[in-house]
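Undergrad: Protein chains in written order, with our numbering: chain L, 35 to 108; chain D, 132 to 184; chain U, 2 to 670.
Hints listed in this document are in silico derivations from the structure and should not be mistaken for laboratory results. Please note that a few of the clues may not be correct.
Partial list, derived from the structure: chain L residues whose beta carbon lies under 10 Å from chain U [said to hold, decoys possible]:
hint	residue
1	E87
2	V93
3	S98
Each residue gets a CB set at the ideal place from its N, CA and C atoms; glycine is no exception.
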Amino acid sequence: MLEHLKAGEKAIIKDISAVNKLVKRRLLDFGITEGTEICMKCKMPFGGPFMLECYGQCVGIRRSDASDIKVERI
Amino acid sequence: MVANIVIGGLIFGYAGWVLWKYIKKSKEGKCAACAVKKSCPHGTGSCGTNNGE
Amino acid sequence: MEIALLGNPNTGKTSLFNNLTGSYEYVGNWSGVTVEKKVGILKNSGARLIDLPGVYSLNPLSRDEGVVTQFLLTNEFDKMVNIVDASQLERNLHLTLQLIELGKPLIIGLNMIDVAQKRGIRINLEKLSERLGVSVAPVIARSGKGCDYLARLVTAEEKIPASTIPVDYGPEIEKSIRELEQMLAGYGQHSVRWLTIQLFEGNPYVKEHLLDYISSDQLDRFIEKTRCAVSQAHPGIKSLEQFIFKKRQAAIARLLEEATEKSEETGPPLSERIDQIVTNKWMGIPIFLLFMYLLFMLTFDWLGFPLSDALDAFISGPFTSGLEKVLIFVGAGEFIQSLILDGIVAGVGGVLVFVPQIFILFFFISLLEDSGYMARVALVMDRLMEGVGLNGKAFIPMVIGFGCNVPGIMAARTIETPRERLLTVLLTPLMSCSARLPVYALFVGAFFLHHKALIVLSIYVLGIVVALILAKIFSKTILKGETSLFVIELPPYRVPQLKTLTKSTWEKGKGFIKKAGTFIFAGSVFIWLLSNAGPGGLNVAMNESYLAMIGGIFAPLLEPLGFGNWQAGAALLTGFLAKEAVISTMNIIYFVPDEASLQGLLSNAFTPLAAYSFMVFILLYIPCLATVATIKKETSSYKWTIFASVYALGIAYLLSFLIYQGGKLLGLG
């Protein structure tokens with residue numbers, strides 16, 4: 035699960051089918067889908083959003099959405 | 132006396148014109164500031180007020 | 002000739018637009034600065050260039066993105082310019098491929114090549130151009146380098162060939178394209194290939210468009226049939242949307258393999274190092290608050306206040322006495338002298354003295370917009386906003402609302418879900434706009450001399466807190482709904498250029514000065530007239546004037562709030578038209594030429610507690626006329642427009658009442 039990554043860890047997305055449809059569309063717009071390599075940049079406190087990096091761009095997503103994304107650490 | 136009439140006329144004329152224009156423009160909101168207002172049927176489509184949500 | 006400017010968000014379309022047309026439109030460093038189309042005339046050639054909001058794909062999620070699809074479907078245009086961010090080539094090309102499918106002549110402006118090079122990406126322009134079948138011009142939109150070449154390319158008389166088919170979607174989809182072509186026999190508006198692909202991707206605008214020609218049932222059956230065929234041929238494919246995306250992605254990957262070279266990155270970008278600090282786990286919110294604190298101290302205390310005082314001294318001193326001499330010299334009578342000196346100079350001058358403070362505020366807002374910090378603020382604030390039923394993106398319209406509520410409300414277009422968007426539109430007017438600033442500045446100067454910035458900060462914070470509480474209440478009652486969505490792109494930081502900053506500060510502040518010369522001028526004349534004329538004729542005592550009568554109607558209502566005099570009533574009434582008018586009205590009513598003596602008079606009419614109550618009332622009581630009109634346009638609903646005005650009045654009354662009566666109980670009165 036993406037939410038278990040620590041700041042600075044990298045992973046490859048395995049499955050995003052469980053994610054909310056609109057969020058999935060937006061992530062797809064950023065080029066984030068199955069097979070994309072992402073890096074966890076930062077986690078906001080008190081259950082706040084995550085900051086991810088992929089292909090050199092930074093994207094913010096919510097923790098609840100991140101918990102629906104299956105990833106594999108590398 | 133002439134100065135009074137000229138200055139007074141100028142001030143009140145300008146003020147009336149500006150006020151009329153301002154109220155008209157404010158009522159229209161952003162459409163007044165929109166560059167394509169002539170070709171934009173008000174409230175439909177191109178200013179984004181009508182979409183398929 | 003009409004040329005449409007398209008591209009991903011935050012790739013520099015509007016910068017390029019400004020460079021090519023010599024006009025100035027709002028630019029910034031976050032996704033969603035432009036939320037509606039803007040038209041400009043190209044320098045030299047006279048062609049019309051149309052700047053559109055940024056989109057990732059032609060299948061829209063939010064209202065600003067819908068503007069683009071709607072434009073492509075319904076407007077006539079001759080050519081398209083696609084601005085492509087070289088450092089995010091892969092993502093940007095998804096849009097490019099869709100535009101090529103549209104079948105209109107296209108030219109690519111490749112921006113941010115320098116950023117790409119820093120990331121170790123080298124792009125072979127000829128190869129890219131050849132593979133896409135589209136001319137590619139390198140540009141640096143921020144500085145304007147390469148823009149002339151692009152402009153020449155675009156306006157060149159020769160017809161740019163509509164390029165070849167860029168993506169092969171496989172036999173099933175290609176068959177469906179031919180089928181739709183047959184179904185649409187005789188239709189000659191848009192490329193059927195483009196329509197089919199967009200339809201399969203679930204584009205609601207395209208579906209709506211096709212419903213004019215094909216029945217809904219037939220269309221649904223057609224989509225379902227294709228979906229079955231595709232999922233049979235490709236097991237593992239769940240939707241047409243996904244299939245099309247994969248096909249496009251594969252095409253882009255092949256293209257990039259040929260047209261780009263990758264080498265090692267040159268160290269971690271500066272942007273990441275800054276991010277480690279400002280979006281730091283624990284420091285994010287404190288840093289934002291510190292930034293706001295600095296803003297307020299500079300605006301109201303350290304810098305803005307002395308500047309305003311100096312300007313005030315000039316206007317009330319040498320300027321007024323000079324003008325008086327001129328008027329006497331030309332032989333103006335007492336009536337005209339009074340009109341100009343007690344009406345216009347008091348009214349307009351009273352507003353103009355706050356220009357320095359307003360410019361400082363705008364400078365900081367521009368800094369926030371241009372640096373790339375705006376999107377970070379949204380990220381940092383998301384947790385808080387989620388708690389009240391909004392998302393972090395709603396904070397951006399609110400920050401812009403500090404400048405002026407009208408663009409703030411329009412910025413809410415980038416919010417994807419209709420519920421959150423409406424909520425943001427309703428609450429943005431609670432953000433204290435720059436037109437309300439003079440009122441605070443005047444009152445803190447008169448009553449809270451030693452805590453100027455702090456008192457004003459408390460008013461601003463009160464606006465935010467009230468907005469958050471109301472967001473919670475509204476989303477629990479009248480605007481219920483589960484959906485809350487937050488995905489945001491965080492642009493790389495850029496060192497703001499002084500030129501851009503001054504330009505954007507000036508463009509925002511210009512409106513304020515212009516308004517002083519037009520509306521405030523006219524308003525002052527009429528308020529002066531109303532304050533001098535009464536049932537007893539002209540030149541009556543102020544207390545027997547029409548203005549006193551009108552203001553007097555409201556006075557009893559305002560009594561429990563601590564400012565039950567006709568002067569406050571009249572000022573609040575004019576404030577609905579424009580908030581600055583409150584100051585002009587007071588200046589004229591209290592019959593004083595300058596800020597300092599007004600403050601002296603005010604301290605007789607108000608107690609400090611009543612003054613604070615008045616400031617809170619001004620903050621909340623009603624959105625100005627222009628804002629109300631914008632709410633109407635953006636919500637397309639009278640119900641919500643009336644609601645936005647009425648609830649604000651209710652909240653303002655309640656809070657001022659609590660503050661004044663509560664304060665009196667505590668012995669502060």
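Undergrad: For each hint, tell me whether it holds in the structure or not.
TA: Do the hints match the structure? See the list:
| no. | hint | verdict |
| --- | --- | --- |
| 1 | E87 | holds (8 Å) |
| 2 | V93 | holds (6 Å) |
| 3 | S98 | holds (9 Å) |
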